[in-house]
Structures are given as C-alpha cells and as structure tokens.
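Enquirer: Residue numbers (the numbering used here), protein chains in the order written: chain A, 581 to 816; chain B, 4 to 308; chain C, 151 to 365.
These aren't lab readings, by the way, just hints derived from the structure by calculation.
Incorrect hints may appear among the rest.
The calculated DMTMM-like cross-link candidates involving lysine to aspartate or glutamate, where the alpha carbons are at most 25 angstroms apart (straight line), are [what the hints assert, rightly or not]: (1) K805(A) / D774(A); (2) K260(C) / D641(A); (3) K218(B) / E337(C); (4) K650(A) / E264(C); (5) K64(B) / E86(B); (6) K792(A) / E583(A); (7) K218(B) / D248(B); (8) K604(A) / E337(C); (9) K694(A) / E337(C); (10) K764(A) / E715(A); (11) K83(B) / E330(C); (12) K659(A) / D641(A); (13) K650(A) / E267(C).
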Amino acid sequence: MIELQNVTFVYPNGILALDNVTLKITDEITIIMGANGSGKTTLLKILACLYKPTRGRVLIDGRDFWVLNKKERLKIRRKIVYIHENPVLFRGTVLENIMYPLIVRDHHVEEARKKALSIVEKLGIKHLINRRRQELSAGEAQLVAFARAIVADPEYILMDEPTNALDSEKREIVENFIIQLVKKRRKFVIATHDRLLAARLSSKIIELSEGKILRISSSNELLAKIKSILFQKDES
Amino acid sequence: MVKKVDRKRILALLILILIMIVSAIIYWKYLTPSVKVLRVSTTTSLYATGLLDFLADEFKKMRPNVVIQFIAVGSGAALKLAEKGDVDMVFVHAPNLEKEYIEEGILINGTIFAYNNFIIVGSVNDPANISNCDPVEAMRRIYETGEAGKALFVSRGDNSGTHQRELLLWRLAELNATGKSWYIETGSGMSETLLVANEKDAYTLTDTGTYLKLKRENKLPNLETLVDEGFVLLNIYSAYIVNPDVHPHVKYDLAMDFLLFVISNEGQELIGSYGVEEFGVPLFYPAKGKENDLYSAWLWFANQP
Amino acid sequence: MVLSSEVLEITIRSLMISSTATILSSSWSIPLSLRLSSSHSKLTNLIVSIFNALIGLPTVIVGLFLYMLLSRTGPLGFLQILYTPIAIILGEAILITPLIVSLAYEVFYKARVEYWEVALTLGADTYQAYRTMLRETLSDVIIIFLIAFSRALGELGVALIVGGNIRGFTRVFTTTIALEIAKGNFEFALTLGLILLIIISTITAIIRILGVRRE
Ligand SMILES: Nc1ncnc2c1ncn2[C@@H]1O[C@H](COP(=O)(O)OP(=O)(O)O)[C@@H](O)[C@H]1O
Ligand SMILES: [Mg+2]
Numbered sequence: 581m582i583e584l585q586n587v588t589f590v591y592p593n594g595i596l597a598l599d600n601v602t603l604k605i606t607d608e609i610t611i612i613m614g615a616n617g618s619g620k621t622t623l624l625k626i627l628a629c630l631y632k633p634t635r636g637r638v639l640i641d642g643r644d645f646w647v648l649n650k651k652e653r654l655k656i657r658r659k660i661v662y663i664h665e666n667p668v669l670f671r672g673t674v675l676e677n678i679m680y681p682l683i684v685r686d687h688h689v690e691e692a693r694k695k696a697l698s699i700v701e702k703l704g705i706k707h708l709i710n711r712r713r714q715e716l717s718a719g720e721a722q723l724v725a726f727a728r729a730i731v732a733d734p735e736y737i738l739m740d741e742p743t744n745a746l747d748s749e750k751r752e753i754v755e756n757f758i759i760q761l762v763k764k765r766r767k768f769v770i771a772t773h774d775r776l777l778a779a780r781l782s783s784k785i786i787e788l789s790e791g792k793i794l795r796i797s798s799s800n801e802l803l804a805k806i807k808s809i810l811f812q813k814d815e816s
Numbered sequence: 004m005v006k007k008v009d010r011k012r013i014l015a016l017l018i019l020i021l022i023m024i025v026s027a028i029i030y031w032k033y034l035t036p037s038v039k040v041l042r043v044s045t046t047t048s049l050y051a052t053g054l055l056d057f058l059a060d061e062f063k064k065m066r067p068n069v070v071i072q073f074i075a076v077g078s079g080a081a082l083k084l085a086e087k088g089d090v091d092m093v094f095v096h097a098p099n100l101e102k103e104y105i106e107e108g109i110l111i112n113g114t115i116f117a118y119n120n121f122i123i124v125g126s127v128n129d130p131a132n133i134s135n136c137d138p139v140e141a142m143r144r145i146y147e148t149g150e151a152g153k154a155l156f157v158s159r160g161d162n163s164g165t166h167q168r169e170l171l172l173w174r175l176a177e178l179n180a181t182g183k184s185w186y187i188e189t190g191s192g193m194s195e196t197l198l199v200a201n202e203k204d205a206y207t208l209t210d211t212g213t214y215l216k217l218k219r220e221n222k223l224p225n226l227e228t229l230v231d232e233g234f235v236l237l238n239i240y241s242a243y244i245v246n247p248d249v250h251p252h253v254k255y256d257l258a259m260d261f262l263l264f265v266i267s268n269e270g271q272e273l274i275g276s277y278g279v280e281e282f283g284v285p286l287f288y289p290a291k292g293k294e295n296d297l298y299s300a301w302l303w304f305a306n307q308p
Numbered sequence: 151m152v153l154s155s156e157v158l159e160i161t162i163r164s165l166m167i168s169s170t171a172t173i174l175s176s177s178w179s180i181p182l183s184l185r186l187s188s189s190h191s192k193l194t195n196l197i198v199s200i201f202n203a204l205i206g207l208p209t210v211i212v213g214l215f216l217y218m219l220l221s222r223t224g225p226l227g228f229l230q231i232l233y234t235p236i237a238i239i240l241g242e243a244i245l246i247t248p249l250i251v252s253l254a255y256e257v258f259y260k261a262r263v264e265y266w267e268v269a270l271t272l273g274a275d276t277y278q279a280y281r282t283m284l285r286e287t288l289s290d291v292i293i294i295f296l297i298a299f300s301r302a303l304g305e306l307g308v309a310l311i312v313g314g315n316i317r318g319f320t321r322v323f324t325t326t327i328a329l330e331i332a333k334g335n336f337e338f339a340l341t342l343g344l345i346l347l348i349i350i351s352t353i354t355a356i357i358r359i360l361g362v363r364r365e
C-alpha cells in the first residue's frame with residue numbers, strides 16, 4: 581500500500597504543486613482527475629517515489645520511503661513504475677527499450693528478450709521491435725512505454741494521461757491489458773481527463789484542484805454524472 | 004546495456020590507461036637510469052638566439068648520456084627558479100639582478116662566458132640625428148626630438164633585460180620618458196617591438212640577434228642600426244650554478260662539467276662562430292682573454308640602481 | 151627534413167598530453183557533474199556558479215598556482231614532476247575541469263528530468279541510472295570532451311609555466327609558437343598554428359560524422 585501523509589511539494593522555483601495531501605492507494609484502480617496544472621503529474625511522481633516531498637511522508641507498505649537506505653529504496657522503487665505523459669524512450673531499438681527493466685534487474689539477456697517479445701506480441705506491436713524512437717508515432721511510443729513499464733511485472737503502475745495519443749483500437753488493447761493485470765492483483769493509479777475511461781475502469785476517483793484533494797468519489801457517482809450530462813444533451 | 008560489472012571494469016581500465024601513460028612518460032625520458040638531466044633556466048631572448056641549444060648539442064656529443072633542459076623565461080623569473088631550487092644552473096644577462104642572488108648565496112661559481120652589444124636602431128631618416136653618437140647623448144637627442152613631436156621611441160616595457168638597459172640609458176641621460184606621448188610601450192617581446200618600431204618609423208633599443216634575423220628576412224625595411232658602440236651598450240652573459248648548500252639536490256658536478264665546457268677553448272670558439280654562417284657576423288663574442296675587463300664592466304652594471 | 155620531424159614530434163606530444171589531460175579531467179569532472187545534476191539544493195547552485203565563474207580563469211594563473219605547488223620548495227616538490235609532461239597534464243586537467251563540469255552539468259541537468267527519472271522508475275539503481283544518462287547524452291558529452299581537448303591543446307600559460315617548454319621533452323604547439331614568435335620566425339609560428347587548426351577541425355568533423363550516424 582502506498583500512503584501519503586500531509587505531503588506538500590514545492591518546486592525549486594517556489595511553485596506550490598501539492599498542498600498537504602493525505603491519501604491511501606488501496607483500490608485496484610485509482611483515477612486522478614483535475615484541471616491542467618492541478619498537480620496530477622506531481623502527485624504521481626511523489627507516489628512513484630521519484631520526487632521527495634518538501635514536507636510530509638510517503639509510506640510504502642508502512643515504511644517511510646525517504647528515510648530508507650539505498651538498497652531498500654531500490655527494492656521499493658522496483659515495485660512501482662511511472663509512465664510519463666510524453667513517453668521518454670531510450671536510444672536503441674524498441675526491443676532494447678522493453679528489455680531495459682529486466683536487464684537492470686540482472687536478468688539474463690536471452691531471458692529478457694523472450695519476456696519482451698511475449699509482451700510486444702500481446703500488445704500487438706511486434707512489428708515495431710526493430711524501430712528506433714524517432715521512427716515511432718506518438719501512439720506507438722506510448723504503447724512501447726507501456727510495454728516497457730510492465731515487462732518486469734511491478735506491483736503498482738502509475739500512468740500519466742495514458743490514452744491521450746492512442747486511437748480507439750489501441751486504447752482498447754491497453755484497457756484490456758489493465759483489466760487483466762488487475763486480475764493478477766496489480767494496482768493502477770491513472771491520471772486522466774478521459775471521464776469515460778475513468779468511469780469504465782475505476783473504483784475510486786480523486787479530484788485534484790490547485791494541489792489539494794477536492795473530493796474522493798466512486799465511479800458510480802461519476803457514471804451517474806456522465807449520464808445526466810448526456811441526458812441533458814439529448815434533451816436540448 | 005547496463006551491467007553491474009561494468010563499473011569496476013571501466014574504473015580499472017581508466018586507471019590502467021593512466022598508469023601506462025604516466026609510466027611511459029617517466030620511463031621514456033625522465034627516469035631512464037643512464038640519462039642524467041641538467042636543468043638550466045635562462046632568459047627568453049638568450050634562448051631564442053639558439054646559442055644554448057647549439058652548445059648543449061655539442062656537449063651531448065661528448066656526453067651522450069646527459070640531457071640539458073633549458074627553461075626560458077623572463078630574467079627575473081630565471082633567477083627566481085634558481086632560488087626555488089627548480090633548476091641546477093642559470094644563464095642570464097642582467098648584472099644588477101644577478102648581484103642580489105649572489106649576495107644571498109643562492110648563485111655560485113659565476114662565470115662570464117660571452118658578451119655582445121645592444122644597439123639603437125631607428126628610421127633611415129634619423130630625425131634626431133643620433134647616428135654614431137654616444138648612446139647616452141643619443142637618448143638625449145631622441146628625447147628632445149620627441150618633445151618637438153618629430154620622433155617616436157618604442158620601449159619593450161616588459162621589465163626584460165633589454166628594457167632594464169633602456170631604463171638605465173634614460174637614467175644616465177637624466178631624463179624620464181615614461182608617459183610621454185612619443186614614448187610607446189609595447190609590453191611584448193623584441194620581435195614585436197621591432198615590428199612596431201618599423202611601422203612607426205621609431206627608435207628602439209634591441210639586441211643584435213633578433214634585429215639581424217628580422218632584418219635579413221626583410222621585415223624591417225624602415226630600420227637601420229644607428230648606434231652600436233659605447234660601454235653602456237655592453238651586454239654581458241654570465242652562467243651560475245645553484246648553490247648545493249642551499250638546495251642539496253642540485254647536480255653540482257654535472258653543472259660544473261657543462262660550465263667548464265662553455266668556457267673551454269672549444270666552447271668559446273663555438274660561441275664566437277655561432278650565427279656567422281647565417282648572418283655574416285657573429286651574434287656573440289667569446290669572453291676568453293677579456294675576463295678582467297668584462298668583470299669590471301659587470302661590476303659597474305651590477306651596482307647601477 | 152629536421153624541421154618536419156620536429157614538428158611531427160611536437161604534434162604527437164601535444165596530442166598525447168592534451169588528450170591524457172582531457173581523459174584525466176573527465177575522470178573526476180563527469181562524475182562530479184552527474185552528481186551535481188541529480189540534486190537541486192542551494193549548495194549545488196553555488197558550486198555550479200563557482201565552476202561557471204572559473205571557466206574564464208586565466209591559464210597563467212592556473213600555471214602559477216601549480217608551479218607554487220610543484221616547485222622543489224613547494225608542498226608537492228618531492229614528487230619532482232615540475233617541468234615534465236605530467237605537470238602539464240595535471241595543469242591542463244585542472245584548467246579544463248570548470249569547463250567540463252559546467253557544460254556537462256547543463257547537459258545532464260536537462261537529461262536528468264527525462265532519462266534519470268525514467269531509468270529510476272524502470273528499476274535502475276543509481277549507478278545504472280547514471281550510466282543510462284551518460285549513454286543518452288553521449289554525443290553531447292563527446293562534444294564537451296572535444297571542446298575541453300581543444301582548450302587544453304590551445305592553452306599556453308600552463309604548458310609554459312609548469313612544462314618549461316623544454317626541447318624534446320615538454321615542448322608543445324603553443325609553447326613552440328610563443329618561442330618562434332620571440333625568435334621572429336612568424337611564418338613558422340603561423341604554420342604551426344595552421345597545423346593546430348587542421349587537427350582540431352579534423353577531429354571535430356570526424357566526431358560530427360560519427361554523431362550523425364549514431365542517431
Ligand atoms: N518542473 C517544474 N518546475 C516548476 N514548476 C512545475 C514543474 N512541473 C510542474 N510545475 C508546476 O506545478 C503545478 C502542478 O503541475 P503538474 O503536477 O504538472 O499538473 P498537472 O499534471 O495536473 O497538469 C503547475 O502549476 C505547474 O506549473
Ligand atoms: Mg500532467
């Protein structure tokens with residue numbers, strides 16, 4: 581379980597991005613919504629233990645991450661993966677990119693290749709494996725980043741606006757994959773503007789505004805809201 | 004891609020390369036056991052004439068296992084290096100500076116090995132009319148003509164031996180030219196200073212070696228030798244050994260061998276013939292036979308303020 | 151021709167000394183700038199601005215400082231490396247350190263936001279993340295090496311003061327040029343300058359071509 585206790589985050593330039601946030605990630609899928617600049621990305625990076633809070637604590641399975649030693653931090657970080665909004669791929673081929681998390685975990689190269697190949701097959705991007713980053717469309721790059729994130733089978737997968745660049749077909753592939761992983765007890769935190777995606781996937785929705793949690797609701801409430809909006813639209 | 008072992012490998016490789024290069028350099032020329040290194044500091048102007056390398060090469064013919072390393076710097080620095088113990092020997096031509104270090108006991112076995120003349124060169128027109136006159140009188144005339152706006156003087160302005168001598172000439176003439184509009188300080192070497200004088204049709208004080216070289220290459224078409232005689236133009240070259248009582252690591256015996264070679268008949272002949280082939284005239288005169296006169300002259304210069 | 155063999159010797163010596171200095175300096179400058187780029191405290195900012203300011207340090211000052219250290223009567227005099235190529239290598243390595251640290255810090259700082267974070271979240275340990283960042287910024291880093299190498303090759307103060315411009319031992323491009331100017335051999339000095347220029351442009355061109363192919 582990831583838990584934030586009174587987390588405040590101030591960027592070096594003085595911008596207050598998160599203001600005293602306390603929350604627990606318990607559900608299979610948590611959706612974070614909010615306007616641009618409301619702090620979604622910052623929150624995800626705090627949850628991923630990439631940013632150290634200015635104040636407050638980040639507890640992973642009850643242990644305060646930022647007081648742990650290097651070795652323990654590494655162990656915890658390897659349980660959590662964060663996927664950037666604009667995916668950052670490394671130099672080298674798509675396959676090499678996807679093998680990266682396995683290689684850094686000291687897997688044998690052949691074994692890593694096998695695992696990577698099985699993931700790309702499931703995601704339907706096998707034809708891309710020998711391409712380089714500059715030869716990919718934004719949607720393809722996002723799928724590759726997704727494949728790379730899950731190849732080492734982390735416990736928590738934090739996705740930052742993951743479906744932005746995806747067409748409906750690819751979106752469906754990703755959504756199905758998420759559902760499959762949830763069945764394997766993996767947990768997702770997804771920042772998104774896509775209310776339908778939120779409604780379809782989520783059991784819990786956190787709404788952020790100016791670095792504060794505005795409200796926490798369930799997807800049922802959201803679904804009702806969407807229906808009412810659609811309904812109103814039909815009337816007019 | 005990324006593997007853990009790489010860290011140690013890279014580090015090891017880096018250190019290995021470093022050790023290899025460093026030891027290669029050390030072995031190559033510095034610590035080869037049979038080779039003895041004698042370090043000599045000297046002034047840039049003397050070194051630039053090529054005389055010292057010429058003498059060292061001749062010495063090496065007899066003593067192939069000796070490497071003489073010359074470090075050419077300004078006069079002041081050359082003596083400073085001796086004081087700091089970074090050299091075994093000094094070859095200089097600045098009597099008043101040398102004197103201090105002799106008195107402090109840093110330099111010993113002082114030996115005058117050669118001399119030549121500074122010369123005053125200037126435009127062919129010679130507006131101050133100094134041709135063949137006494138050097139101090141020449142300075143007076145340059146000053147007057149300069150004040151009248153009809154002549155320029157270019158000074159090294161860099162505290163070199165040549166510059167020191169120029170200042171001495173002004174002092175003897177009881178004049179102070181610094182700050183005058185016709186008095187140009189280049190703050191650079193003799194070659195550059197001569198080129199400036201040539202461009203501006205100005206007077207300047209120079210050593211013969213640099214002047215002849217540039218003259219022969221047709222770089223100084225506007226300049227001519229105007230004054231080349233007079234006691235105060237005498238340029239005296241001395242060699243010293245750094246006192247081993249002050250710096251015990253000084254290679255006294257080796258330094259002594261080289262010094263004796265320089266003042267030997269053979270060495271003196273080499274000095275007297277150096278440059279004749281190239282310039283038609285010698286650049287240096289051997290001190291042999293004139294030691295007493297030169298020493299008196301040296302004493303006079305050494306005691307000038 | 152005696153002249154050309156001496157020029158060749160000086161060329162090789164200059165390249166050896168300056169490249170060793172660049173490698174040596176990189177061995178501490180690159181880790182340092184990686185380290186600096188991965189923290190953003192006030193102290194880091196201070197250190198970086200100090201290094202920025204030191205880029206313009208006159209080479210003669212570095213040379214003089216090192217001379218004081220290495221002189222027989224100085225604190226490191228017992229090493230007996232004054233007036234050897236090792237002294238020049240050390241001096242040039244120190245001279246180009248602020249340049250490498252400043253430039254590499256900029257590159258790494260920009261790369262850090264992207265590659266560093268991605269590497270960490272994908273399970274890399276600190277060292278692996280540094281390596282990834284280095285790999286991703288390799289072409290920039292190579293260009294930094296080249297700039298540093300050119301500065302080392304083209305500087306005079308250090309080579310003259312702690313090298314001593316000793317014939318056949320510590321004489322490099324710039325000290326030869328200075329000496330030849332003092333001798334009045336301007337054409338020869340110019341020729342040497344030209345060779346220096348050609349070498350640097352050739353290396354730059356090679357690196358550019360390699361860099362383009364890589365990406
Ligand atoms: N690297 C940064 N440096 C300074 N301020 C930042 C940085 N990243 C984001 N911010 C600021 O922090 C606030 C929250 O940003 P972010 O978490 O990216 O919001 P969101 O992802 O919801 O759009 C915004 O005001 C943004 O301008
Ligand atoms: Mg965002």
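Enquirer: Next pair to validate is K694(A) with E337(C); report whether the Cα-Cα distance is within 25 angstroms.
Expert: Outside the cut-off at roughly 66 angstroms; violated.
Enquirer: Quickly compare the C-alpha distance for K64(B) and E86(B) to 25 angstroms and report which way the hint goes.
Expert: violated, 30 angstroms
Enquirer: Going straight from one Cα to the other, do K792(A) and E583(A) come out at no more than 25 angstroms?
Expert: holds, 16 angstroms
Enquirer: Does the structure keep K83(B) and E330(C) at a Cα separation of 25 angstroms or less?
Expert: holds, 24 angstroms
Enquirer: Are the Cα positions of K218(B) and D248(B) separated by 25 angstroms at most?
Expert: Since the Cα atoms of K218(B) and D248(B) sit roughly 46 angstroms apart, the hinted pair is violated (cutoff 25 angstroms).
Enquirer: Between K218(B) and E337(C), is the straight-line Cα distance small enough, at 25 angstroms or below?
Expert: Within the cut-off at roughly 15 angstroms; holds.
Enquirer: Check the hint pairing K604(A) with E337(C) against an upper bound of 25 angstroms on the C-alpha distance.
Expert: Roughly 77 angstroms separates the two Cα atoms, so the pair is violated.
Enquirer: Going straight from one Cα to the other, do K260(C) and D641(A) come out at no more than 25 angstroms?
Expert: violated, 33 angstroms
Enquirer: Next pair to validate is K659(A) with D641(A); report whether the Cα-Cα distance is within 25 angstroms.
Expert: Holds. K659(A) to D641(A) sits at ~11 angstroms (cutoff 25 angstroms).
Enquirer: Given the hinted pair K650(A) and E267(C), is their Cα-Cα distance within 25 angstroms?
Expert: holds, 16 angstroms
Enquirer: Below or equal to 25 angstroms on CA atoms is what counts here, so check K650(A) against E264(C).
Expert: Measuring from Cα to Cα gives roughly 21 angstroms; hence the hint holds.
Enquirer: Is K764(A) within 25 angstroms of E715(A), Cα to Cα?
Expert: violated, 33 angstroms
In the structure shown, a violation is registered for the earlier hints numbered 2, 5, 7, 8, 9, 10, in ascending order.
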